[in-house]
Amino acid sequence: GAVVSQHPSWVICKSGTSVKIECRSLDFQATTMFWYRQFPKQSLMLMATSNEGSKATYEQGVEKDKFLINHASLTLSTLTVTSAHPEDSSFYICSAGGGLTNTGELFFGEGSRLTVL
Amino acid sequence: DAKTTQPTSMDCAEGRAANLPCNHSTISGNEYVYWYRQIHSQGPQYIIHGLKNNETNEMASLIITEDRKSSTLILPHATLRDTAVYYCIVRAGGTSYGKLTFGQGTILTVHP
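Residue numbers (this note's numbering), protein chains in the order written: chain B, 1 to 117; chain F, 1 to 112.
Don't read these hints as lab results, they were simulated from the structure. Do not take every clue at face value.
In silico BS3-like links for lysine-lysine, alpha-carbon gap of 30 Å or less [to be verified]: (1) LYS52/F x LYS99/F; (2) LYS41/B x LYS3/F; (3) LYS3/F x LYS52/F; (4) LYS69/F x LYS20/B; (5) LYS41/B x LYS69/F; (6) LYS99/F x LYS41/B; (7) LYS55/B x LYS69/F; (8) LYS69/F x LYS64/B.
Just the calculated beta-carbon pair ranges, DEER-fashion [to be verified]: (9) SER28/F x GLY53/B: 24 to 32 Å; (10) SER5/B x ARG81/F: 19 to 27 Å; (11) THR80/B x THR26/F: 18 to 26 Å; (12) PRO112/F x ALA72/B: 43 to 51 Å; (13) THR31/B x THR56/F: 36 to 44 Å; (14) GLY53/B x GLY98/F: 12 to 20 Å; (15) LEU74/B x ALA92/F: 18 to 26 Å; (16) SER54/B x ARG81/F: 27 to 35 Å.
Note that beta-carbon positions come from the ideal geometry of N, C-alpha and C, so glycine has one too.
Please put together the full structure from these sequences, using the hints given.
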């Protein structure tokens, strides 16, 4: 299947700082990317949908000013957690559509684990 | 998107077939059934998807009932590496890139 890569895999930061997570589609162009968050022992929760060249669509309850999403190219989307706090510590996962077979399956990155001290 | 119901957990002996059921009684005509799995601390991995016909690939088989209200994912020869959370998801369109909504999934434990 198609490859989606996230960076960094894990990050530790101090409370109040901002953290940027990158999501890249390595071998295909992704017109749409999705960002999920997963807390321990819970399922994935969709945060926002990112379309190349347009503003992201956020799910209800997700603060758009806190979780900034930029999808400037067909192979890169970034999620910036601004003024991070300990409650933002989580596993952040991106997924991308538009794979080689173009049959609708979405491919996921390896995830980025954020720990806010 | 239609909601799905899966058992919370299942066990399977290594080398045996693992049959994971999923109910999606409110599925509509244009919705596909997708299966993903998530191994601990990794991103979800695509397994298989289908609309109404049974499907098979190198990882698994997907059996969809004639009324499409339920399906079964079959791992023909489970290994210890198949231990994971398995998610059954229904989503509109096979070529659209609509969002995937994850439920709680089934925790499959494969034991020696």
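Verification of the supplied hints:
Taking the CA atoms of LYS52/F and LYS99/F, the gap is about 20 Å. The hint holds against a cut of 30 Å. Of the pairs offered as hints, the one joining LYS41/B and LYS3/F holds, with about 20 Å between alpha carbons and a cut-off of 30 Å not exceeded. Taken as a hint, the LYS3/F and LYS52/F pair is honoured in the structure, with Cα atoms around 17 Å apart against an allowance of 30 Å. With a C-alpha separation of about 42 Å, the suggested pair LYS69/F and LYS20/B falls outside the 30 Å cut-off, and the hint is violated.
Of the pairs offered as hints, the one joining LYS41/B and LYS69/F holds, with about 28 Å between alpha carbons and a cut-off of 30 Å not exceeded. Taking the CA atoms of LYS99/F and LYS41/B, the gap is about 22 Å. The hint holds against a cut of 30 Å. For a cut-off of 30 Å, the pair hint linking LYS55/B to LYS69/F is broken: about 36 Å separates their Cα positions. Taken as a hint, the LYS69/F and LYS64/B pair is broken in the structure, with Cα atoms around 37 Å apart against an allowance of 30 Å.
Between SER28/F and GLY53/B the C-beta distance comes to about 31 Å, which sits within the given range of 24 to 32 Å. Distance hint check: the CB atoms of SER5/B and ARG81/F are about 22 Å apart, consistent with the given range 19 to 27 Å. Between THR80/B and THR26/F the Cβ separation comes to about 37 Å, which falls outside the hinted range of 18 to 26 Å. Between PRO112/F and ALA72/B the beta carbons are some 49 Å apart, a value that agrees with the proposed interval 43 to 51 Å.
Against the hinted window of 36 to 44 Å, the Cβ-Cβ separation of THR31/B and THR56/F comes to about 29 Å, which falls outside the hint. Range check, GLY53/B to GLY98/F: Cβ separation about 19 Å, and the 12 to 20 Å hint holds. With their beta carbons about 23 Å apart, LEU74/B and ALA92/F fall inside the hinted range of 18 to 26 Å. Between SER54/B and ARG81/F the beta carbon distance is about 40 Å. The supplied range of 27 to 35 Å is therefore violated.
Hints 4, 7, 8, 11, 13, 16 from the list above are not met by this structure, while the remaining hints are.
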